[in-house]
Structure formats: C-alpha cells, structure tokens
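Novice: Listed below are the residues making up each chain.
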Amino acid sequence: MVETSGAPSAAASATRSMTMVQAINDALDVALAQDPRVLLFGEDVGMGGVFRVSDGLRDKYGEERVFDTPLAEAGIVGYGIGLALAGMRPVAEIQFAGFLYPALDQILSHLGRYRHRTRGRFTVPMVIRAPYGGGVHTPEQHADSPEAVLAHVPGVKVVIPSSPERAKGLLLAAIRDPDPVFFLEAIKLYRSVKAEVPEGDFQLELGKARIAREGNAVTLVAYGGMVEVCLKAAEVAAREGVELEVVDLETLTPFDADTVLGSVEKTGRAVVVYEARKIGGFGAEVAARIAESAIWSLQAPVLRVAGWDAPYPPFSAIEHHYRPDARRVLEAVRQVLAA
Amino acid sequence: MEPLRFIAEDGGTSDRLPFSPEELVRGYRAVARARYFDERALTLQRQGKLGVYPPYRGQEAAQVGAALALEPRDWLVPSYRDTGAALTHGLPMSQIILYWRATPAGWRFPDELRVLPFYIPIATQLLHAVGVASAGRYQGEDWVAMTFIGDGGSSEGDFHEALNFAAVYSAPMVLVVQNNGWAISVPTEKQMRNQRIAERAAGYGIPGVVVDGNDLAAVWHASRQAVDRARAGEGPTLIEAVTYRMGPHTSSDDPNRYRSPESTAAWEARDPIQRLRAALGAMGAWDDEREQAMLAELADEFRAAVQEADDAPEPEPEEIVEHVFESMTPDARAAWEVLRHG
Numbered sequence: 001m002v003e004t005s006g007a008p009s010a011a012a013s014a015t016r017s018m019t020m021v022q023a024i025n026d027a028l029d030v031a032l033a034q035d036p037r038v039l040l041f042g043e044d045v046g047m048g049g050v051f052r053v054s055d056g057l058r059d060k061y062g063e064e065r066v067f068d069t070p071l072a073e074a075g076i077v078g079y080g081i082g083l084a085l086a087g088m089r090p091v092a093e094i095q096f097a098g099f100l101y102p103a104l105d106q107i108l109s110h111l112g113r114y115r116h117r118t119r120g121r122f123t124v125p126m127v128i129r130a131p132y133g134g135g136v137h138t139p140e141q142h143a144d145s146p147e148a149v150l151a152h153v154p155g156v157k158v159v160i161p162s163s164p165e166r167a168k169g170l171l172l173a174a175i176r177d178p179d180p181v182f183f184l185e186a187i188k189l190y191r192s193v194k195a196e197v198p199e200g201d202f203q204l205e206l207g208k209a210r211i212a213r214e215g216n217a218v219t220l221v222a223y224g225g226m227v228e229v230c231l232k233a234a235e236v237a238a239r240e241g242v243e244l245e246v247v248d249l250e251t252l253t254p255f256d257a258d259t260v261l262g263s264v265e266k267t268g269r270a271v272v273v274y275e276a277r278k279i280g281g282f283g284a285e286v287a288a289r290i291a292e293s294a295i296w297s298l299q300a301p302v303l304r305v306a307g308w309d310a311p312y313p314p315f316s317a318i319e320h321h322y323r324p325d326a327r328r329v330l331e332a333v334r335q336v337l338a339a
Numbered sequence: 001m002e003p004l005r006f007i008a009e010d011g012g013t014s015d016r017l018p019f020s021p022e023e024l025v026r027g028y029r030a031v032a033r034a035r036y037f038d039e040r041a042l043t044l045q046r047q048g049k050l051g052v053y054p055p056y057r058g059q060e061a062a063q064v065g066a067a068l069a070l071e072p073r074d075w076l077v078p079s080y081r082d083t084g085a086a087l088t089h090g091l092p093m094s095q096i097i098l099y100w101r102a103t104p105a106g107w108r109f110p111d112e113l114r115v116l117p118f119y120i121p122i123a124t125q126l127l128h129a130v131g132v133a134s135a136g137r138y139q140g141e142d143w144v145a146m147t148f149i150g151d152g153g154s155s156e157g158d159f160h161e162a163l164n165f166a167a168v169y170s171a172p173m174v175l176v177v178q179n180n181g182w183a184i185s186v187p188t189e190k191q192m193r194n195q196r197i198a199e200r201a202a203g204y205g206i207p208g209v210v211v212d213g214n215d216l217a218a219v220w221h222a223s224r225q226a227v228d229r230a231r232a233g234e235g236p237t238l239i240e241a242v243t244y245r246m247g248p249h250t251s252s253d254d255p256n257r258y259r260s261p262e263s264t265a266a267w268e269a270r271d272p273i274q275r276l277r278a279a280l281g282a283m284g285a286w287d288d289e290r291e292q293a294m295l296a297e298l299a300d301e302f303r304a305a306v307q308e309a310d311d312a313p314e315p316e317p318e319e320i321v322e323h324v325f326e327s328m329t330p331d332a333r334a335a336w337e338v339l340r341h342g
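Top line first, the protein sequences correspond to chains R and U. Here our numbering is used: the first residue of the first sequence is 1, the next is one more, and so on. Here our numbering is used: the first residue of the second sequence is 1, the next is one more, and so on.
Heads up, some of the hints might be wrong.
[Unchecked claim] Below, a sample of chain U positions facing chain R; criterion: calculated Cβ distance under 10 Å:
id: 1; residue: 107
id: 2; residue: 109
id: 3; residue: 124
id: 4; residue: 125
id: 5; residue: 165
id: 6; residue: 169
id: 7; residue: 225
id: 8; residue: 322
id: 9; residue: 324
What the hints contain is simulated information worked out from the structure, not anything from laboratory work. A quick note: this is a predicted structure, and the numbers were derived from the prediction, not measured. From the three backbone atoms N, C-alpha and C, an ideal C-beta is built for every residue, glycine too.
For reference, chain R alone in the conformation it holds in the complex (with noise of 0.2 Å):
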C-alpha cells in the first residue's frame, strides 16, 4: 500500500520522450504496479481504450483490474463510487467527455457529497478520466468541454493537464488523491507533441496554478488545450518585444488564485482563454475572482477569447473558428494593451 497523500515526490532522474497518452498510461501502470486497491475500467478500456491509454494494462495486471464495463456511464460512476466506499481506488474512464452526461445524477448528487453528508465517515477517492475538446474534426458530440459543470459540483476536483509531463505528475497526484478528481485530457494534445517525462514514481501537486511563461505585459490563464495556443501566442508577441505571461491553472477546483492574482498585480492586465462556451465558462470564474481581488491593479477590463454562443459544431470546415487560437488571443492583447 501507498501513502494516500503527502508531498509530490521529486522528478525521477530518468526521462523518457512520450506523448499525452503514452505519458497518462505510463502513470496509469505505476499506480496500477504500486498499489493493489487501483482499477481501471470503462468502455472497451481492457483492448486498450479507443485513445490507446490503457493500451496492454489489462495483459500485465489482468482482467479483474482492468476491465470493461456494459456501456453505460450512469453505471460506470456508480458502480466505481461504491467501489471507492468500500476500499478500492477505482479510476474510470468515461469515453469521451461529452457522453458523461448520463452520469451527471451520480456526479452531482453523490460524488463530492458522500463525504460531507458522511460528516467523514465515507469517502470516494476515485479519478474519472476523459478525453475533451475540439480541434481534431471527431464526429458529433465528441468535442465537448463541460469542465465549468464539473468545476461548480462541490467536493470534486477537476484537473486538466497541458502536456505529457504535466499529465503523469498530476495524474498520479489525483490516483493518490482522497477524494474524487475529474481528471479531462485534451484530445488535440493526445499525439500533437512529444516531451521528456520523467520515468517512474512522478507526483506533481493538486490545487497549484504554474507560470508556464514569465512575462510583464499580460497575463494569459489558460488551461488544458489553450494553454499551448497561449504559448504560441506569447511567441508571436515576443517577437514584437511584448512579453505575455501564461499562467496555467491545472488544477480548475480547488481554484490556486494567489498564483492567477499574483501575475495580474505584476502585469496590470489579463485574457482568460477557454475553448468551452464563452457564458457560464470556467474563465467567468477566472476573471470575476480577478475583478473580485486585484481590480486596483488592472489597467483594463479582463478580456475572454473563448468558444461562441453555440454548440461545439461538427461542422470540419469550418470549426476552427470555434476554438480559440493564437490569432484571437493576440486580438485580445492587443485590445488590453490599447486601453
């Protein structure tokens, strides 16, 4: 048995170039090798998952600890809460984020209030991982971003890495977390990149914003997908001798906003980028805890680039212009920088 939580451990000496996904597997095989209560199930997860994550778990820690389930996501979380209530540390896979909808009564009603209506005495320390977002032409319904529903649930996490390393570190955090995490992959980032990540034991920390990039000008929060569009945007404006800073958040809820104020009261200016729709977002939150707090410091208004006043569309040709990218968000700083 491991330690359910404690300090993140130190970076393994050892790296490894990896994708997303070989980086989320690699994390998925260390918590399965080190700790016997962790499963892994959801739809076709034991052939490998239609992602390839949990490709050869099953072959290595058997059918009874990766598994598939009936194809129903009310029952996958469900099922895996009550797993979590008596001992295991189950961690579920829902498809693709947009089909976790049947699911929402287990999420809002049981996930993150078993331990407050419990006063303690029960606790779900399960991860629920999907794949969200756009950018790869997926068919209908496959590129939603509900992490603003998720993120207002109380008593759940939601964290959303921006690159391999990131993914493993936090995805093992959450796995040794004691209470639920929503763990939500970009899919655009799933193949696009490779990156040294350490090998082995690699535990980042939950509920920590990281600068991705200094700089003095603005301040970019993004998360997940956007937060590499934001670094391309800072390169471009870097070029013009305007330096952005990019705050990533990681970790949605808990919200690390000293780290997102601290940059805004250095900058005196933000856009909060999220490819979710724009009304309800999670960078509604972002930017109202900014109006909230750091206001004084602000020499204009907080600015959002985010997805339109529509449903994801499954239109190919033309859904680019749906998620934000590099060129709106430079439209945004340039906005700020003028005011």
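Got chain R; can you put chain U on it based on the hints?
Specialist: Relative to chain R, chain U alone:
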C-alpha cells in the same frame, strides 16, 4: 408468479415453515421493535421534535426480514424509507433520531457499522451497492451488499444499469424491491405494465423471486437464500416483496388526497406484526406477559435514545464547510472563518 408465503393472514403456518419457534421469536422481536420505533418517531415528528420523516408502517416485515439475513460483515445500502432495515442491521435508534432531526451529529454512522447513509435520489444507491459488493472480492472478503428500492424506483434507469452490472460481474448483491403499491400518489399500475417486478430479473439473466412482503418468514427465507447464493459466488438476486405503505409518503404527505381509506383498510387485515404474533401464539412461543415485557424494554430503549439525541451537541455554522475535502480549500477556509467568527 405466486408470492412465497409461510404464514397466512390469520396466523396459520405452512408445514414447510423453515424456521424454529425460537428463530421466529427473534424475528418477531426485531419486527416489533421496528414498528415501535416507527410509531414513536412519527409521534416525535408531530410534536415538532423530528424533521420530515418517511414512515414505513406496513413494510416492517419486508425490511426486517431482509436485514435479518445479513451478517455483521455484510453491507446495507438503504433508501430513505428503510429505517427498519437499518435498525435491524445495527444502526442505533439515537442515530436515526438525530439523522431525521437533520443535525450533523446524526449523519456520521458508527465507524464499525456497514450501513451506508439513507439515499434520497431514487435508485441511485443500487449502483453503489453493486460496487460495494464487488469490492469485497479484491480484498479477500466474502461480504454481501443488500439494497432496497420501491416499485416507483424500478422505473429509474439506475435500476436497470445496476441489475445489469451486478449480473455481468456476478456481484454478491441482493436487491429487495418493496412493492408497496404507491410512489407517493402514483399507483403501481400507472408505473408499469407488468404485474411482477421480479419477472424483470429474467431480462438480466439472474433469479427473481416474489414473496409476501407482510410475511416475515417468507421475506427472511428468500433473503437468506439470496445472501447464501451471493456469498457462494453465484451472483445477485432480485426479491420482490409485495407489501403496502399504510401511512403517508412522508410526514408532509396526506394520502387521503389520492387514495381511499378503504383501500388501506383492506391491508390492515394483512398486518405483518399481528400475523406473526398470532402464529407464535398458536405455537405457544409467545404470550401477553412476554409482549408486555418486550414493550417495556422498547419503551426504555426509545426513551434512552431520545435522551441521547437531546444531549447531542447543537451544530455550529462552520460545520457547513467542513468535510467537503480531506483538506480544506483556501475558499472553504475563508468561509470557515466567516461562519465561525461572524
């Protein structure tokens, strides 16, 4: 499917009765205790000393008979009306009073007790019961999980998903459907086209049995068989206990708005406690003296439970933000300070 029955409405017993008089006395004590608690709890509610309370009068045998089949190592996963089952599996009366007083002191059940909290969202608990049942297999434990639902709850999607998951994983789970005739104001015939909920078990490839839910011996026997099957690794069972909700849906409900007193009166003759008492009387296993002694003991137990509940600490406002996560978030910490110090 004819319901399994060992004790007739007049107390006459079948030759095949699979319980000794001593066992039945134990069962009678448990079912009478459940009724005693339910009646007094409703009275407390009417006196303003309990919050909203969902009584289970008429369903005592269905709940108690099922729970009697469990060992302490087994799990009970109750809905809000299954107080009688929880009581039988060891949840103290004082805890239940505090629970229905909606005070935090009542919401942490004793650590050693394998009773999950009462579930409000209908049928959602069934999936948890399947997961709890399966979890034992990984830990070398042979526990069984028993859960409850009503006729109305059998319409929910989670009912289907739970039975299917339980069947596919051969989970050691027992699902007891208390078909009590009513889902608040909606009668069973408006809830479903089929006569027997137990028939649906065939659709999942698992056994389904119907029992007279007002016959403690029938419920107990069927539950014991189902628990034994589950523990032996043979998978889940669906038990339909045909019974009747004699009282209101909750203390806030008035059943006269949707059903006639006559329809309820017909079920008075099938009362589960009177029936069992008559059977025990005929066996010479029970008499008025023993009855009076038992009632005096129950009165003492209930009085002590109320006293214990009255002595529980009043909740403090900051308890609202406690136990959300293991460690308090910065936001919850700030809220805690506000609630604590105003």
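Novice: Just pull the numbers of the violated hints for me, sorted ascending.
Specialist: Of the numbered hints given earlier, the structure breaks just one, which is hint 7.
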